[in-house]
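K.L.:
For reference, the chains in residue letters:
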Amino acid sequence: MRTLSLYQEGNSIIHKIDPITKIIFVLITILIPIIMGTLNSAFAFLLISLTLVIIAGVIKKVLPIVGFTSIILVTVIIIQGLYYFNNRTPFFAIGTVVFYKEGLLYALEIILRIYSIINSVSLLMFTTKPSDLVEALVKKGLSPRIGYVFSSVLQIIPQMMSTVDTIIDAQRSRGMEVEGSFSRRIRAFIPLIGPAVISSLIDTKERAMALEVRAFNSRYKKTFLNEGTTFKYADVMQVSLISILIISIVLRFVH
Amino acid sequence: MGKRSMWSFKFTTASLVLIPTAVGINYIGKFFASLLKLPLWLDSIGTMLSSMMAGPIVGAISGAINNIIYGLTADPISLVYAITSVAIGLTVGILAYIGWFKSWSMAVVSGLVVGLIAAIVSTPLNVIFWGGQTGNIWGDSVFAFLSAREIPIWIASFADEIIVDVPDKIATVLISYGIYKGLPRQLTSIYRNDDEIKEL
Numbered sequence: 000m001r002t003l004s005l006y007q008e009g010n011s012i013i014h015k016i017d018p019i020t021k022i023i024f025v026l027i028t029i030l031i032p033i034i035m036g037t038l039n040s041a042f043a044f045l046l047i048s049l050t051l052v053i054i055a056g057v058i059k060k061v062l063p064i065v066g067f068t069s070i071i072l073v074t075v076i077i078i079q080g081l082y083y084f085n086n087r088t089p090f091f092a093i094g095t096v097v098f099y100k101e102g103l104l105y106a107l108e109i110i111l112r113i114y115s116i117i118n119s120v121s122l123l124m125f126t127t128k129p130s131d132l133v134e135a136l137v138k139k140g141l142s143p144r145i146g147y148v149f150s151s152v153l154q155i156i157p158q159m160m161s162t163v164d165t166i167i168d169a170q171r172s173r174g175m176e177v178e179g180s181f182s183r184r185i186r187a188f189i190p191l192i193g194p195a196v197i198s199s200l201i202d203t204k205e206r207a208m209a210l211e212v213r214a215f216n217s218r219y220k221k222t223f224l225n226e227g228t229t230f231k232y233a234d235v236m237q238v239s240l241i242s243i244l245i246i247s248i249v250l251r252f253v254h
Numbered sequence: 000m001g002k003r004s005m006w007s008f009k010f011t012t013a014s015l016v017l018i019p020t021a022v023g024i025n026y027i028g029k030f031f032a033s034l035l036k037l038p039l040w041l042d043s044i045g046t047m048l049s050s051m052m053a054g055p056i057v058g059a060i061s062g063a064i065n066n067i068i069y070g071l072t073a074d075p076i077s078l079v080y081a082i083t084s085v086a087i088g089l090t091v092g093i094l095a096y097i098g099w100f101k102s103w104s105m106a107v108v109s110g111l112v113v114g115l116i117a118a119i120v121s122t123p124l125n126v127i128f129w130g131g132q133t134g135n136i137w138g139d140s141v142f143a144f145l146s147a148r149e150i151p152i153w154i155a156s157f158a159d160e161i162i163v164d165v166p167d168k169i170a171t172v173l174i175s176y177g178i179y180k181g182l183p184r185q186l187t188s189i190y191r192n193d194d195e196i197k198e199l
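Protein chains in written order, with numbering that gives the first Met the number 0: chain A, 0 to 254; chain B, 0 to 199.
Each hint should be verified, as a subset may be incorrect.
Derived BS3-like pairs: lysine-lysine, alpha-carbon spacing no greater than 25 Å straight-line [stated by the list, open to error]:
#, chain 1, residue 1, chain 2, residue 2
1, A, LYS204, B, LYS180
2, A, LYS59, A, LYS139
3, B, LYS180, B, LYS101
4, A, LYS138, A, LYS221
5, A, LYS231, A, LYS15
6, A, LYS15, A, LYS128
7, B, LYS29, A, LYS204
8, A, LYS128, A, LYS60
9, A, LYS60, B, LYS29
Label-pair ranges, simulated between beta-carbon atoms [as the list claims (entries may be wrong)]:
#, chain 1, residue 1, chain 2, residue 2, range
10, B, THR11, A, LYS220, 19 to 29 Å
11, B, THR11, A, ASN85, 51 to 61 Å
12, B, SER104, A, SER182, 13 to 23 Å
13, A, PHE90, B, ASP74, 28 to 38 Å
14, A, LEU240, B, GLY181, 18 to 28 Å
Think of the hints as simulated: they come from the structure by calculation, not from any bench.
Glycine included, every Cβ here is placed at the ideal spot set by N, Cα and C.
Produce the entire structure from the sequences given, and follow the hints as far as they go.
P.N.:
Below you can see the structure in the form of C-alpha cells.
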C-alpha cells in the first residue's frame, strides 16, 4: 500500500538510532537557540544537525526544502537589514538604501535557527520509517488509538489523492474550467472539494465499522507485532540531550 | 435527556477515524487551492469540518496532527504552527456548539473571529521564528511598511498576519459551512452530542 513518507533506506549510524532519541534532538534544536537567544548557539546547532544530515547521507534530499525556505529568508534579510528597530550602525549601502549591522545580524540569527530546524526535522523524517516512529511512541505510552490515527493519515492521503484525480477528470469532462479569471477559478473550488469531502466521509463510516468488528475498542493490553531492535545507547543519549536542555535553561537564567 | 457538554466526549471509533480524514481534507483543500492558483491557503477545511461535526476536542486533535504530519512530510517549520491549528479547531468547535453557524452572515462573522484568534496565536510564533514576517508577499509588504515607520514589531507582525489570515479563514469557514450544511444526516448523526440517537 502506498504511504506518504520521505523515509530513505540507509545503513548509516543515524538510521540505527531510535526514533525517540531523534524526536528529543528535534525538540532541543528548536528550543535551545530560542532559550539562549545567541548567535553562537544557533550556529552550533546548525553545524551539529548539518553534520548529522551529511553522515546520514540525506543531504541531497534536504536541499530542496532549504531552497524553498530560502526565498522567504531573503526577504527577512532585506526587511530586517533595512528596518530592524535596533538599527544604529550602517553596514553597507546600495545607492541611497542603507543596510544596518544590527538588522543583518538579527536576520542571520533567524536564518541559522530556521536552517537548523529544517536539518534536524529532516534528519528525523528521512532516516526513520513512519511505522517505527509511531510504534516507538506507542511503546513509550502514547495511546494506541492516537498511534492508529497517525499511521492512518499517512495511508489515507495517497488514497484520497487518487480519488481527487478521478474527481478532477470527471468535472473536467463536464466542462469545468480550472483556468481563467479569478472568479471562474474560485467557482471551480466547490465542485472539486465537495465530492472529495463527501466520498472521504462515507469511507470514514465504513472504516469505523471495519475497526469495530476487529475489536479496536478492546480494553486488553495491546501487544506488538514487531519486537523491534532496541538501540544500545538510547538511554545515555536521551539523558545527555535532556541534560543539555536543562543546562541551557539554567545558563539563561543565571546570566 | 439534556444536551451533553461540548467538552465531554468519548473517543468513539467514529470520531477517531474522522481525524485522519480531516487531515486528508486539509491536504486536498491546499492542493486544490494551489491547482486553481487561488491566493488563499484553504488548508484547514478538514479541521473546521471535524470541529463542526464532532466538537472542539476532535477538531483540535485534527489540527495538531495535521501540522505534525505536514511538518514531517513536507515543511518542517509548519510543526511549530500546530498551536495555531489547535486554536482554530477549538474556536470553530466552540462557535458551532453555541450555535453561531446558523446562517451565512453568521458564518462570515465566525470566520472573522477564527481569523483573529489564528492571528493572535500565530503572531508570537512569527516573531520568534521569522522576526515577525509571514512569508506572504502582501502581508510582508505591510510589515516592511510599518517597520519602516518604527511601529513596534508586535503590531507590525500582527497586521502582517491579519492581512493573510482573516480573508483565508473567512473563505475556509464559508466553504466548510457550505459543505457541512450539505452533508446527509446519515453522516453527521453519528457525531452528534445530544445523547442517544433513536433509529427506526
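K.L.:
Decide, hint by hint, whether the structure agrees.
P.N.:
Comparing the hints with the structure gives:
no., hint, verdict
1, A:LYS204 x B:LYS180, "18 Å, holds"
2, A:LYS59 x A:LYS139, "32 Å, violated"
3, B:LYS180 x B:LYS101, "10 Å, holds"
4, A:LYS138 x A:LYS221, "10 Å, holds"
5, A:LYS231 x A:LYS15, "10 Å, holds"
6, A:LYS15 x A:LYS128, "11 Å, holds"
7, B:LYS29 x A:LYS204, "24 Å, holds"
8, A:LYS128 x A:LYS60, "16 Å, holds"
9, A:LYS60 x B:LYS29, "23 Å, holds"
10, B:THR11 x A:LYS220: 19 to 29 Å, "21 Å, holds"
11, B:THR11 x A:ASN85: 51 to 61 Å, "53 Å, holds"
12, B:SER104 x A:SER182: 13 to 23 Å, "21 Å, holds"
13, A:PHE90 x B:ASP74: 28 to 38 Å, "31 Å, holds"
14, A:LEU240 x B:GLY181: 18 to 28 Å, "50 Å, violated"
Of the numbered hints stated above, those contradicted by the structure are hints 2 and 14, listed in ascending order.
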